[in-house]
Amino acid sequence: QVQLVQSGAEVKKPGASIRVSCKPSGYIFTNFGISWVRQAPGQGLEWVGWISGYSGNTKYAVNVQGRVTLTTDTSTNTAYMELRNLRSDDSGVYYCTRLRGDAFDIWGQGTLVTVSS
Amino acid sequence: DIQMTQSPSSLSASVGDRVTITCRASQDIINYLNWYQQKPGKAPELLISAASSLQSGVPSRFSGSGSGTDFTLTITDLQPQDFATYYCQQGYSSPQSFGPGTKVDVK
Chain A
1 QVQLVQSGAE
11 VKKPGASIRV
21 SCKPSGYIFT
31 NFGISWVRQA
41 PGQGLEWVGW
51 ISGYSGNTKY
61 AVNVQGRVTL
71 TTDTSTNTAY
81 MELRNLRSDD
91 SGVYYCTRLR
101 GDAFDIWGQG
111 TLVTVSS
Chain B
1 DIQMTQSPSS
11 LSASVGDRVT
21 ITCRASQDII
31 NYLNWYQQKP
41 GKAPELLISA
51 ASSLQSGVPS
61 RFSGSGSGTD
71 FTLTITDLQP
81 QDFATYYCQQ
91 GYSSPQSFGP
101 GTKVDVK
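First to last, the sequence lines map onto chains A and B. 1 is the number of the first residue of the first sequence in the numbering used here; add one for each residue after it. 1 is the number of the first residue of the second sequence in the numbering used here; add one for each residue after it.
Simulated from the structure, these hints should not be mistaken for laboratory data. From the three backbone atoms N, C-alpha and C, an ideal C-beta is built for every residue, glycine too. Check before you lean on any hint, since a few could be wrong.
[What the hints assert, rightly or not] Derived list of chain A stretches under chain B, where covered just means 3 residues or more per stretch with a C-beta under 8 Å from a C-beta of chain B:
1. 44–56
2. 107–114
[Unchecked claim] Ranges between beta-carbon positions, derived for each pair:
3. A:N85 to B:S12: 39 to 47 Å
4. B:K107 to A:Y54: 41 to 49 Å
5. A:R84 to B:S60: 26 to 34 Å
6. B:P40 to A:G8: 32 to 40 Å
7. A:N85 to B:Q55: 32 to 40 Å
8. A:V5 to B:G68: 37 to 45 Å
The following block holds chain B by itself, in its conformation from the complex (with noise of 0.2 Å):
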């Protein structure tokens, strides 16, 4: 089974900073890679789909990129609508597996 890490596992930042949030898959996953968006109590919504594909009705503040086994998702321009926590997933083999997501909260 292919193993997704993330880092960092959290972060504190404000309105208005660049974050960036590394992806790493335990072999090529090619560009199956996507990014979910998930705040508490709700459930998540993609974000990013093939590494880089933003999804319609995602600002463009956000972006994906990476190929291989490693990948990024930044976020300039942080709103405060993005605090949450992002979480990858590989979908190259079964089973699809996530990462242990990454926390944005408020410096």
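One chain only, chain A, in its complex shape (with noise of 0.2 Å):
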């Protein structure tokens, strides 16, 4: 069963840092991208950056790039996403999600965080 696992929920303070992870599993981790899709409470959904699980290439959106670092630890088949400088604007529930294609196919159950002095 192809699923993908994400770490439980954080409780930060504003300029902290989160580092959130994704362990896929039923799939060979290095075939594909993973995604990550952050959604504000009430809000739609918003892409965060992409990671190769093959190369570690990386693409971030720009209202995030310069905060948010993707990584992968291929010897333990996770992803993380880690995300410094914390602002109020920054809580959410963060997906984890695999590219097949253009399409984000298998979603992890989500990582709720909250910003909050």
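Since each chain comes alone in its own frame, lean on the hints to assemble the complex.
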């Protein structure tokens, strides 16, 4: 069964950093990229970035570039998203999702990130 | 960047209705258009890729059409489990972008 399992909810203060993990199973990790998509409370879906499971190449959304780093650990087949200098508008649910071609075909369960003083 | 719009932003419908949602891209995206369904508190699920290709396990009452800049998601014979929010997403160029969503609720 193909699935992505994410780490648990986080509560952080403004200016702090978070690292969310995403562990795929049921497929060959290096055959697909992982994208990260976030959703602010009551809002739509926003693409955050992408990392190749094969090469580690990355792309980031302009509005988080410089604050976000996507990495993979091929020894544990785990993907990570680090977001630094958190702001209140970074609060929301963060999803990792497998990119198959140009579509996000498998999604993690989501990680709720709350940024509050 | 490619901007995606959807209409309507919300609609009310009854079980058994036919529902049509429109998605428009700000430039030609050929057929690099995907549709997702999201229920409250859940992750989105891919319904249709490449504008009209139904994903495995998705009921045949869902269909997609269109090319270029204008696309449509149609749900025939709406079922209780179909009340949800639907998003389109373009995969033509990075950054991949989503439409703002269409919420389908009970009339």
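Hints, one by one, checked against the model:
1. 44–56: holds (count 5)
2. 107–114: holds (count 4)
3. A:N85 to B:S12: 39 to 47 Å: At 42 Å between Cβs, range holds.
4. B:K107 to A:Y54: 41 to 49 Å: Hint holds: Cβ distance 48 Å, inside 41 to 49 Å.
5. A:R84 to B:S60: 26 to 34 Å: Given range 26 to 34 Å: violated, Cβ gap about 46 Å.
6. B:P40 to A:G8: 32 to 40 Å: Since the Cβ atoms of P40 (chain B) and G8 (chain A) sit about 20 Å apart, the hinted range of 32 to 40 Å is violated.
7. A:N85 to B:Q55: 32 to 40 Å: 38 Å Cβ-Cβ, so the 32 to 40 Å window holds.
8. A:V5 to B:G68: 37 to 45 Å: Given about 38 Å between the Cβ atoms, the range holds.
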